[in-house]
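Trainee: One line per chain: the protein sequences are Y and P, in this order.
First residue of the first sequence? That's 418 in the working numbering, and the numbers climb one at a time after it.
First residue of the second sequence? That's 97 in the working numbering, and the numbers climb one at a time after it.
Quick caveat, the hints were computed from the structure, so don't treat them as lab data.
Virtual Cβ for every residue (Gly too), placed ideally from N, Cα, C.
Please note that a few of the clues may not be correct.
Partner residues are not named here, just some residues of chain P that face chain Y (Cβ under 10 Å, in silico) [stated by the list, open to error]: (1) Q102; (2) A149; (3) A188; (4) G202; (5) L205; (6) F206.
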Amino acid sequence: EAGVTQFPSHSVIEKGQTVTLRCDPISGHDNLYWYRRVMGKEIKFLLHFVKESKQDESGMPNNRFLAERTGGTYSTLKVQPAELEDSGVYFCASSLDPRTVTDTQYFGPGTRLTVL
Amino acid sequence: AQSVTQLGSHVSVSEGALVLLRCNYSSSVPPYLFWYVQYPNQGLQLLLKYTSAATLVKGINGFEAEFKKSETSFHLTKPSAHMSDAAEYFCAVSHTGGFKTIFGAGTRLFVKA
Chain Y
418 EAGVTQFPSH SVIEKGQTVT LRCDPISGHD NLYWYRRVMG KEIKFLLHFV KESKQDESGM
478 PNNRFLAERT GGTYSTLKVQ PAELEDSGVY FCASSLDPRT VTDTQYFGPG TRLTVL
Chain P
97 AQSVTQLGSH VSVSEGALVL LRCNYSSSVP PYLFWYVQYP NQGLQLLLKY TSAATLVKGI
157 NGFEAEFKKS ETSFHLTKPS AHMSDAAEYF CAVSHTGGFK TIFGAGTRLF VKA
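This is chain P alone, in the form it adopts within the complex (with noise of 0.2 Å):
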């Protein structure tokens, strides 16, 4: 079985700050791992994928994310926050073959002038 937990349903950070959104999974089988962000009034956009390549990846919009096996982790990071970063972002885990992709509660960042 797969799922994932979102640390913080709400983080706040300054404009220029590091943005850190923590993603924790848990799967049986080899992960694939992204994080998606929705704008107010929009759909769901794609930020990065991770399909076990580089452990590394970079996104649209300055974002990356770290894949690490031993924590099972995939935070997402932005080192300078702008204010048009401010939106909902999901992390979600599918696999190889997998239609289904599970997904966590969200975490809503707010960005201060």
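Bound-form chain Y, shown alone (with noise of 0.2 Å):
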């Protein structure tokens, strides 16, 4: 069975550029999370989806980041127009239902995106 996929691995933009990141939760995982891990700092909560609806966005930094789940399969998390404290390791992970107690939320490779 696939993991959690995340497109691309690594991301290098200029300051002003748009990138949109891409991740591919686990087939059959309603949940999906994003996360982001700035200059080694804490891994920090950005949003989560159930099927294609946002149930949590209380870690989105700012209106310059949209996140989409259309039709509740994969994901993409788009920052427009990027600066230079947006660079960092963006995860993803899935899972199928947080509210039970062997829910176990996998995580994606990260993309590293770098705003130059």
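Please dock the two separately framed chains into a single complex, following the hints provided.
Mentor: Quick look at the structure:
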């Protein structure tokens, strides 16, 4: 069974440009999460989808970030326009049902974004 | 509110020595606690998870962690380090029905031959 995949693995862009990150969750996982790790600091929650609906987007830094999950399958995270402080590693995770004790979030390898 | 503190951004041990990675948490509700490991160029992998059953939790690759409520700690241990254990380790907290996982800053483990 394929795990969580993310594309691209690395992205280098200039300040002011737009970048779109993609996450493909494990098949059948309704719950999808985005996290970000900036400059070796802690990994921080960005948002959570249940199917195509945003359950919690309290971690989104500002309105330059837009996440979508059309059709409840893969998700995209767009940064427009990118700023220097957006550099970091963006992780995606998916899970079946976080309301259950046995639920586990499975993480992708991350996308390393560098804004110059 | 929930938070996690990992003591020591870097820990170095000799091969065969005890591994001890420290984690303290803060939570206003009964917590779920996790340890994740990240090997180079890979995603986060769940090592073990505490969900209020047994306080001593055994995970993969010979790791275990003990939940100590009185100390608000969830330290990760392994009796004998192996070179392949070199990675970055993250302690994290969540709660029942909580969709958001709060991570510590991570501890990078170095294993010397």
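Trainee: Each of the hints needs a verdict: does it hold here or not?
Mentor: Okay, the hints, checked on the actual structure:
no. : hint : verdict
1   : Q102 : holds, 9 Å
2   : A149 : holds, 8 Å
3   : A188 : holds, 8 Å
4   : G202 : holds, 7 Å
5   : L205 : violated, 15 Å
6   : F206 : violated, 15 Å
Hints 5 and 6, counting from the list given before, are not met by this structure.
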